[in-house]
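Residue numbers (the working numbering), protein chains in the order written: chain W, -6 to 222; chain Y, 41 to 228; chain V, 23 to 365.
Since the hints were derived computationally from the structure, they do not count as laboratory data.
Some hints could be false.
Said to hold, decoys possible - Cβ-Cβ distance ranges computed for the label pairs, FRET-style:
| no. | chain 1 | residue 1 | chain 2 | residue 2 | range |
| --- | --- | --- | --- | --- | --- |
| 1 | V | 109 | W | 9 | 47 to 53 Å |
| 2 | V | 357 | W | -5 | 31 to 37 Å |
| 3 | W | -6 | V | 310 | 45 to 51 Å |
Note that the Cβ used here is the ideal one computed from N, Cα and C, for glycine as well.
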Amino acid sequence: MGYFAKLFSGSKSLVSGMGVTLKELVGTTAQHKAVTLQYPKEKPVLAPAYRSAIKLIRFEETNSHDCVACKACERICPSFCIKLDGGKVEGIKKKRVQTFEMDFALCSLCGLCLDVCPTATLEYSKAYDEAGYNRDWRVDLVAEFRDYEEEFIRKQRAIEEAAAAEKALKAEQAKAAKEKAAKAKAAKEAAAKDAAPKDDAAPKAAKEDAAPKDASGANDGHTDAEDKS
Amino acid sequence: MGKVDRKDGVVRLPLVNPANTPVRDPLGDEAMVDPAVVRLAVLDDLLNLGRANSLWPLTFGLACCAIEMMAAGASKYDMDRFGAGVFRPSARQADVMILAGTISKKMSPVIRQLWDQMPSPKWAIAMGGCTIDGGPFKYPNQYAIEEGADKIVPVDIYIPGCPPRPEALIAGILQLKEKVKAGRRFEG
Amino acid sequence: MSQSITDYAPQTITELVGNPWLAMPMAAGIIMGALTVNVLMLVWAERKVSAWIQRRMGPTEVGPYGLLQTLADMLKLISKQLITPANIDKPLYHLAPLMAFAPVVGAVALFPVSRDYVLLDNDLGLLFVFALGGMAVIAIFMAGWGSNNKYALLGAVRSVAQNISYEIPLILSALSVVLVVNAMGGSTASGLNLSHIAWVQSHEHVWFILLQPLAAIIYFISALAETNRAPFDIPEAESELVAGFHTEYSGMRFSLFFFSEYTNMLIVSMLAVVLFLGGWDGPLLPGPAWFFLKSYALIFVMMWVRWTFPRLRFDQLMTFCWTVLIPLSILNLLATALAISVL
């Protein structure tokens, strides 16, 4: 490129560059389109997958969390930031966490604790503007549940009792069904004994019963395949 | 989540150590409506007011948190609204050292040197878990990481997170403003 | 000063007050007050313009529209500790900020703000302004040399090379204007007198940007380089040289450099207005209003340029000066001289 062509193209690009910035300037001042989020006055819209310090989920049926102090999160945490303790509680079968501390200053928000939790009672909180004069950033996760502990025990006991009752009922039903089946079997056996001379016919009848069943099953499969194709 | 719910309904973490909550919430409406800049005051108060509203950070990033620090200085969050957007490249002209990122043992003497080069009065903000106490890199027998910025420089504000959002850094600067305005003496 | 031209007799402050011993401190007070306000507003404006160009808000929280922001900065800088590094060249280090500060304050006195008023009327005004501008280089080199800091020294060396190179097209382009002034304004007054240059443009109803467009462009580019503004701010290139020549300066010493940079902006803009944009000439509004309107419009353009273009590399900077600006300005000067002698 020649000397003057270079000068000309250079000047042109300079002017067009200044045009771009002038457009932005006018856009900000005249059209009031600054992209700034005026943070303390405006709050940010956080993404659904936003990660902050972990917290315990409050479940509706018990109005409390469901941590059973299994310590799976404490063991898997790569940053050693979770410390929890708990044990048996009078009145309910489940174990219950007593203290659950998470050091937010150590946490790297990897999310392994969420993945490993057997009762799925951990989630991320939405705290986004924490700052303080102190280096102690231990978070007390059970603090907000302390007042609801009695309520939880009551509700949990009710749930457990209901579950136990249901289980007992089911067991009874199963037992009854078993007895019934046993009775029916006994009756059949008795009937078979009575019809002992006809023992050639009985297997044949059973075979005839089974055959159409197989055929219908095969037929179903066939039609399914046709539908799919 | 927390029980310290503010007017705007933003959650605060329920901390074990309640001393960590600021004396006066700098994010409350009161602080924003009345910046108290035109208040007549004795010279000391006036100077503190000037210092609080002109916190020039050092252009200085250590690791990944520095990206969030840059974001806080960029258009979306714009720290310059509070007068804290003038990132000075020379330590001689800076007021605040934002320690943004992991401090390796190799870097720590350099940080100390930069801190010594800054003129008083000066402040330090520890941004991110690594600068508070080593963060994810802290484990028994580790040999590479300085476990906390306050082993090197006196830190005024601690911002947790990995990394903290730009809002958290701005909140930290606003809290530092409150601290400077309060008129405590700082040395070194 | 010739009295043959009836409608042109600018009053200096000495003539207004009568007593030169009273006039001097008054002039100093006026200049210092005006320049302080000017610098405070310019820094605020710079931050606002940069913010707007980047779709930000800029300072908003300190005072209405952030107007008190730079006042807070000043209060802070006054109360900052003054660090004196070890092993420095003490006289040079301590004198450098004053050397940067004093000439720019002196130069302001020469500018005719209106047809009737000027603080100091000097027949060699233009040369005086350039001479004071040249002293800025010495101050920068003193700062860089005295600081005992490699970045400061590198910045100072760059600054000297840059300023000496760019002073040539700056003065050559101004010289072609002086030729035109002498040709148009008659031989009654010196073509180097700033009031006279402005008056000729007003009297002949032509701004010299129309007669000397190339000189105007060259002057503006060289002026950007003279004031060490982006895209020619390599003496204090943050990405390479920490803060360049003022790396080791803190507190008030640093703010004196800051002060001189922004006052320099005002001076080169005012000089551009006098040389090319007709000075105080303009309809309806009074002279000073037009003068400062034009000056601040030019300063806005300088800010606009700063926040648009990236910094030049040093060899690009030098190549541009020696292969483009200097030949073009010499050609422009020759063409002007030829045109004047022919017409």
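For this structure, which hints from the list above don't hold up? 2
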